[in-house]
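Build the full structure now, drawing on both the sequences and the hints.
Chains as they are written, first to last, in my numbering: chain A, 1 to 166; chain B, 1001 to 1091.
Hints are supplied without guarantee of correctness; some may be wrong.
In silico lysine to any residue, SDA-like type, Cα no more than 25 Å apart, as pairs [to be verified]:
#, chain 1, residue 1, chain 2, residue 2
1, A, 73, A, 93
2, A, 61, A, 8
3, B, 1015, A, 24
4, A, 61, B, 1021
5, B, 1034, A, 92
6, B, 1069, B, 1033
7, B, 1009, B, 1030
8, A, 61, B, 1050
9, A, 73, A, 49
10, B, 1015, B, 1073
11, B, 1025, A, 98
12, B, 1044, A, 98
13, B, 1025, A, 25
14, B, 1069, B, 1011
15, B, 1044, A, 23
16, B, 1025, B, 1037
17, B, 1009, B, 1073
18, B, 1034, A, 91
19, B, 1025, A, 17
20, B, 1015, A, 160
21, B, 1015, A, 143
Simulated from the structure, these hints should not be mistaken for lab results.
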Amino acid sequence: MIPHQDTVLIVEDELRGTRRWTDRHRLPLAWLPARLEVRVPLKQPSTNDAFFLRGIFSDYKAIAPVWTFSDPKWESNGGAFNFPQVTRPHHGSPMFIMGGGGPVICVPFNRLAYAAHGGPHSVTDWGGPSNWLNAGPSYVQAVTIGDMLTAIYRDFCHTHGRMGPQ
Amino acid sequence: METTTVQEKQEITVKVFSPRSPDAKSFTWRKTTKVAEAAREAAKAFGYQGGAPGLQTTEDPPRVLDNNKTLVAEHIVDGSELEIVDTGGGV
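In structure tokens:
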């Protein structure tokens, strides 16, 4: 368990570089330290539809953060309607998939990609969310918040529409 | 008087950003340098280890450069601004 204030310091240190990146791309990043939460509204280039990317950093970096697309009110983790639809993957396999437990951003740096949190990757596969810094070396690698956002946005820009109906 | 050497004409200086750092770094590469090679050098300078580093433009949406092409083939010119991005896939 990482003390809340320690996590705040870690995240805010990483956000220095991250905010320069979001500024360059005119993305309005919000950091809510009391909730250890990062919110980034995104506009899908091909449709101009709004999506709501959320990262939760409890126990960061002992375990991977939680990344998901939220409903527009930031009240819950989103369903298929809140996830973008991959049309044609540009970098290997797509990272936005429909898993057995629902839609997931399926990358080593997402806690929700691990079976312990409802994702498809078992302990024998990626070693669990505490192994995230070493997991899946042949998959996309991102070990800071800025790297994670850059990777997610890279694939988001090649999506079109939504993964499912409302 | 022409003072530009042939070598200088073959080189470009670009500014590379990393989402890890608020500050950019400058790199001078031959135009024929492969994107992957340039990306590896830039990533190392910013402290990246492992992964499959690549480069993308700073425009929005960004254009990820083809790691197998040269900088000139990807239309990178003197003064271009680029960002580091990992090129690995998900799932």
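**Message:** Please verify whether residue 73 (chain A) and residue 49 (chain A) have alpha carbons no more than 25 Å apart.
**Reply:** At roughly 15 Å apart (the allowed maximum being 25 Å), residue 49 (chain A) and residue 73 (chain A) satisfy the hint.
**Prompt:** Going straight from one Cα to the other, do residue 61 (chain A) and residue 8 (chain A) come out at no more than 25 Å?
**Reply:** 11 Å, holds
**Item:** Holds or violated: residue 1069 (chain B) to residue 1033 (chain B), with C-alpha atoms at most 25 Å apart
**Value:** 8 Å, holds
**25 Å limit on alpha-carbon distance, applied to hinted pair residue 73 (chain A) and residue 93 (chain A)** = At roughly 30 Å apart (the allowed maximum being 25 Å), residue 93 (chain A) and residue 73 (chain A) break the hint.
**Item:** 25 Å limit on alpha-carbon distance, applied to hinted pair residue 1069 (chain B) and residue 1011 (chain B)
**Value:** 16 Å, holds
**Asked** Taken at face value, is the distance from the CA of residue 23 (chain A) to the CA of residue 1044 (chain B) at most 25 Å?
**Response** 24 Å, holds
**Asked** Has the given pair, residue 1025 (chain B) with residue 17 (chain A), been kept, meaning a C-alpha gap of at most 25 Å?
**Response** It holds: about 13 Å lies between the C-alpha atoms, which stays within 25 Å.
**Asked** Do the alpha carbons of residue 1025 (chain B) and residue 1037 (chain B) lie within 25 Å of each other, as the hint requires?
**Response** 16 Å, holds
**Message:** Hinted pair, alpha-carbon criterion (25 Å max): residue 61 (chain A), residue 1050 (chain B). Please report holds or violated.
**Reply:** 18 Å, holds
**Prompt:** Can the restraint linking residue 1025 (chain B) and residue 98 (chain A) be considered satisfied, given a maximum Cα separation of 25 Å?
**Reply:** It is violated: about 39 Å lies between the C-alpha atoms, which goes past 25 Å.
**Asked** CA of residue 1015 (chain B) to CA of residue 160 (chain A), is that 25 Å or under?
**Response** Violated - the C-alpha atoms of residue 160 (chain A) and residue 1015 (chain B) are around 31 Å apart, more than 25 Å.
**Asked** Regarding the pair residue 1015 (chain B) and residue 143 (chain A), is the alpha-carbon distance no greater than 25 Å?
**Response** 23 Å, holds
Violated hints, in rising order: 1, 11, 12, 20; the structure is consistent with all others.
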